[in-house]
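> Given chain A, work out where chain B should sit, using these hints.
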Amino acid sequence: MQKKVFQLLVDNTPGVLSRISGLFSRRGYNIESITAGVTADPKFTRITIVTSGNDEILDQIEKQVGKLVDIRDIKELKPGESVYRELCLIKVKASPTERQGVIAIADVFRAKIIDVCTESLIVELTGNQEKIEAFINLLEGYEILELARTGIAGLGRGIENVTYL
Amino acid sequence: MIGADAMVKCLEEEGVQAVFGYPGVAICPFYNSVLNSSLESILVRTEQNAAHAASGLARVSGKVGVCAVTSGPGATNLITGIATAFADSIPLVCISGQVNSELLGSDVFQEADITGAVESFVKYSYLVKNPEDIPRVFKEAFYIANTGRKGPVLIDVPIDVQNAQISKFKYPTDVNLRTYKPTVKGHAVQIAKVVTALNKAKRPIICAGGGVLLSDAEKELREFSNRYGIPVVSTMMGIGAMPTKNPLYFGMVGNNGKPYANRAMNESDLLIMIGARVADRAVSQPDLITNNKTLVHIDVDPAEIGKNVGPHIPIVGDAKHIFFDFVKYEIDADYSDWIETLNGYKKAMEPKRNPNPDYVDPAAFITMLSEKMEDDGIYVADVGQNQIWSCGYHIVKDGQFLTSGGMGTMGYSIPAAMGAKYAKKDKQVIAVCGDGSFQMSMMEFATMKQHGIKAKVIVLKNSYLGMVREYQHYTYEDNYSVVDLSGSPDLEHLAKAYNMPFIRVHNMDQAEEAIDKFLASDECMLMECLIDPMDLVK
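Top line first, the protein sequences correspond to chains A and B.
Be aware that the first sequence starts at 1, since it is given in the numbering used here, and climbs by one per residue.
Be aware that the second sequence starts at 166, since it is given in the numbering used here, and climbs by one per residue.
Per the computed footprint, the stretches of chain B lying under chain A, defined by three or more beta-carbons under 8 Å from a beta-carbon of chain A, are:
(1) 278-289
(2) 335-349
(3) 455-469
Some chain A residues well away from chain B (every beta-carbon gap over 10 Å; in silico):
(4) MET1
(5) ILE34
(6) VAL38
(7) GLY101
(8) ASN128
(9) PHE135
(10) TYR142
Calculated directly from the structure, the hints in this document are not laboratory data.
The structure displayed is predicted, hence computed values, not measured ones.
For each residue, glycine too, the CB sits at the ideal point set by N, CA and C.
So that you can see chain A by itself, here it is in the shape it has in the complex (with noise of 0.2 Å):
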């Protein structure tokens, strides 16, 4: 099993997510995350799916996804030649004294607290997957009340493989 990163540009056309997670449901394989928002161009969503399997499987999922009428393009994001990020909201309950720790661990981060009550604060982080689980990690010492994940986006680097918008 390996983890691969596609990134789609597709018509945005009613339903194109359905048609994609229903094809990754009914043949079995597997979604870590999927991600989708409209591009410069109105017409046209990016979607970046992270998904994992053997070579076949893998082979498959391009193939089969590459096949779906509304899709226009998809490309793996190799770890080397792309940027992943995702974005992280997490409650954390915290009592006006552990208050300060938790800032503490979030200046580390460079992660924004953006919500202050008085038994919680919720902190916002963005960067790519490792670095949002070893934040996780950090925090365990307190109680995570809510968490909220948004799955990851990618690019690739440079101007080569430019899938337009």
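Below, chain B without anything else, positioned relative to chain A:
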């Protein structure tokens, strides 16, 4: 002009002659507009058969088959027919009426999320919300259905969209699909590799699948095979790509195929799979087709290549184009020793049957029938034991052999024969089914009588669901469960009820006279052959 008029106009622009379907309120605006058009509406007796009939029409005419049904149960009844067409890559455009678009999602009467339901077995689907989109959607739908790897496309049109005024109707001349561009022409480097491999090979063989027929490449295949003396086997969907009696043809492969065809494929040193999926029933042991040989896999669908087996030389492209490119090369090789070996296998390994003389022997009967059929006759096999006997013993001359291969949908033959006969009125079209599959679509006799479609039907009657009985014979030591078909109607009375001529054949002594009479009739006719209930295909 309203949306429904535009839908009908689109079909006329596409050269559609007939729509198989079943009306209901949600598709009534469309069926009202059809009255003022050149289209003929064929009223099937259940929606599933509308898709099968459209499939039969598509397969004999090369055009897109069209069906139109109402929302809710009309649409859901169509699903099996759509899935059947999808499994065999048959181009259909299926139109479904839908409830008022403002009520979508509120579970009103006869609402079903049909685009969601068919998602996994359509090539594409549309839910039309803006009536001005109708011309573009129809143009795209026909294009998608009949290009690349063909398949069904569904267009769901809410009733208010059908009734809405549209400002002006202009049918697009071109399709502008940024995201859909099938590869039809094979890569020149890959083609050259195959030619090199053919020059080196001692025992090459071509395995032709349904894709050869779908790309209308029979002539090119025969020319290629004949010119270089390369033997050919076929999958079930590829039957008819080569005439059965062509000296270079060695039968159907697979677990229900000819033993010598499988042996030929397994012992070859160069296997060219073209337009075939390497599906489980055709190739039960994928390692056998890669061991000690070079495997070339040619398909218009890149996702099929490498799905079930990893080829040494993959080529993405349309069969017709690929053969066209192949014959540009000279191949300097002589495979006559190999052909001689294969002829030896064929002689030694032809399955032997011990027919019961008290009944009609389906194998001998089917051979006799096909020899007497016109050269360009169309034979439609159903699913079950009848299908396996048909595959094994029907002789294709210059005609076509149709069946539901991928999905194995019982009840396919009668409606498919009806669609085929509608499209090719001057050709002999004969459906051959068992008494189980017959009862799944016998209601279509009414459709054929109503519309003057004169396809003929042969029922191989054994009063069992024979294929399942055979499976229970081998797997459950003759503990038969739910396979007894007693209670079935007397077909002579049934034929009389439909005002159709009827012949019953009890044994092979009566077969020849019965077949002659059956083929001479110009009526929609029913023939019943009593076969040994205990007969086995293996």
